[in-house]
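Protein chains: 2
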Amino acid sequence: MSPPLRVLKMRIAIDAMGGDYAPVEQVRGAIDAAKFDNIEVILVGKKDEINRELANYNVKGLPISVVNAPDVITMDEHPAFALRKKRGASIAVAMRLVKERAVDGVVALGNTGAAMTAALIGLGRIPGIERPAIGCPLPNNNGFSLLVDAGANANCKPHHLLYFGIMGTIYMQMTVGIHNPSVGLVNIGEEPSKGSEFYVASYKMLKESNLNFIGNIEGRDVPTGKVDVIVCDGFVGNIILKFAEGMGATIFDMLKKEIKDKPIAKLGGALVKPSLKSIKTRLDPSEYGGVSLLGVDGVCVIGHGNSKAKAVRNAIRVACQSAEKDIVGMIKDYISKMNVGDGKGDK
Amino acid sequence: MSPPLRVLKMRIAIDAMGGDYAPVEQVRGAIDAAKFDNIEVILVGKKDEINRELANYNVKGLPISVVNAPDVITMDEHPAFALRKKRGASIAVAMRLVKERAVDGVVALGNTGAAMTAALIGLGRIPGIERPAIGCPLPNNNGFSLLVDAGANANCKPHHLLYFGIMGTIYMQMTVGIHNPSVGLVNIGEEPSKGSEFYVASYKMLKESNLNFIGNIEGRDVPTGKVDVIVCDGFVGNIILKFAEGMGATIFDMLKKEIKDKPIAKLGGALVKPSLKSIKTRLDPSEYGGVSLLGVDGVCVIGHGNSKAKAVRNAIRVACQSAEKDIVGMIKDYISKMNVGDGKGDK
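Top to bottom, those sequences are chains A and B.
Residue 274 in our numbering is what sits at position 271 of the first sequence, and the numbering runs on without skipping anything.
Residue 59 in our numbering is what sits at position 56 of the second sequence, and the numbering runs on without skipping anything.
This list has only true hints and no planted wrong ones.
Intra- or inter-copy, both count: the list cannot distinguish identical chains.
Listed below are the simulated SDA-like cross-link pairs for lysine to any residue, each with C-alpha atoms no more than 20 Å apart in a straight line:
no., residue 1, residue 2
1, Lys197, Ala83
2, Lys276, Asp256
3, Lys89, Gly116
4, Lys229, Phe255
Keep in mind that the hints were calculated from the coordinates and are not lab data.
Keep in mind that this is a model prediction, so the values were computed, not measured.
Based on the provided sequences and hints, a complete structural model is requested.
Rendered as structure tokens:
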């Protein structure tokens, strides 16, 4: 009897040397993705180290392979400088695999700056996109919204925010299946006149676009799922994202302290613990397996440096999904049509 | 026998016509402050309306009085324009009472823009302070940090942030009694080079000051109490504050949904409810009774528009405390010495 036919979804490369637990957790996450998600995973890094780790598991028949990369970029190196010097860095080699279409996407953990720089050098930008941005899922009571830009560009121009809205819209359409995702601009009030000139101009550009732009949203609307795509510059996005992390943790610390000397509340806390844990998990961005670098010419997912196997597997799944749904192709298509429209003068 | 001697702490005026529940909740809050906190309260607004409300309570012997103000500024009016037109607006009259030293401080609810404009017109700035700022207590596991600016100035220059740090430091020294409050600048990374030119320059000015500046802090450090004074421009401050509001609510909604169909978790939720409620209360900025407008020449506390009696009473107490500790005088003193220092060339 012939072995059962395995339909592999996609091939995803992972930089096995980045992150706090490399390559242990990468290997474990890769095995899980290969075993349970039907994804072919290519581990990129120091071959001997990875193989030694792989030897701890039974990976016979699993779609896992190793591509050697002798160099590693450390957290304290300047990304652009290090990447120019170390052509054999695992992250650079992984990007080249995407560029050469040897794989359908790449996952990198840890140093976001290094991953972004490697993606810009290795994959390049989608034509028409000046500023690739980080799309980060923000959980809410009904699923998640996508925050774009979650930290790639501290300084932006209004048209960058328009493109963030476009890329976020395509991402939510394709991966979540929302027909016409709503888009909101993070600002200090709802009126179009709110905020600096930059915000007034950004509002105008988003309003005049084909996006389902519902207008400015305030900080309080960010975590409630009022809009599907939350547009902001990378400075505000970074602050929001990290504040959410810190605040989730603070609330749970407060609860711990609050029930400490109260037997009844403590019992209640024990009974409600699984539910609280589930919320904590939902609030933890790393559980989503990573953020997507949108606007580069290839699928690139960046995970937390402290990712363990589960988060690694999730990141691989996010990359796989983006590749399957051809987010990159859809963005390319949209942008190229926009530019044609501009040229022909549609007004 | 003579009646017991009442030592009144301070005289605080409250705009009785602003906010969603005016003047009902203002009157109730004022009575509580007068009764339990030994504060003399002056209700400012339409005399007949306030007296009609006061008639529902036994206020005999309480240090409560009414100052008539025939006009009211509504939420939809442009503050500066309305204030110029309506000299008898309750908020304008209340500010004049502070200016004339008839009272030691003022509380306004609701329209923050109107309150700020009225304070700028009615009280003026402390000499040397270009930009008064909103100081808002952010709760954490050990008390609170003060966020300055929490929304007054969307566009700032580096030296404005230095003054926010100074005013926040004096506030925390005087009201909380921290000897040398730590100050942090909200940024996207800890290194002095992080963020735009504006942030690099702000970092430098704070670093070179006499403040206990510990450097940049990230979003995740904002809610943990890592520093006593959190410095940022009003745009970032507004987003953080409102995001915190929204996120607190979202987490509790998530928990409700999470335990809905789970009997054991539901029981646990019921037992832990008082603790959860206490946290929710601590996270609710309105419970602190309002934010302080720092840098104007008089004590001005701004409360939520939806404040009920308890929040009104708290706001009156915050104003009383600021007046007792002479925050305004301390800021004046510090700034005047700074300027003298500058003139003499102390470098």
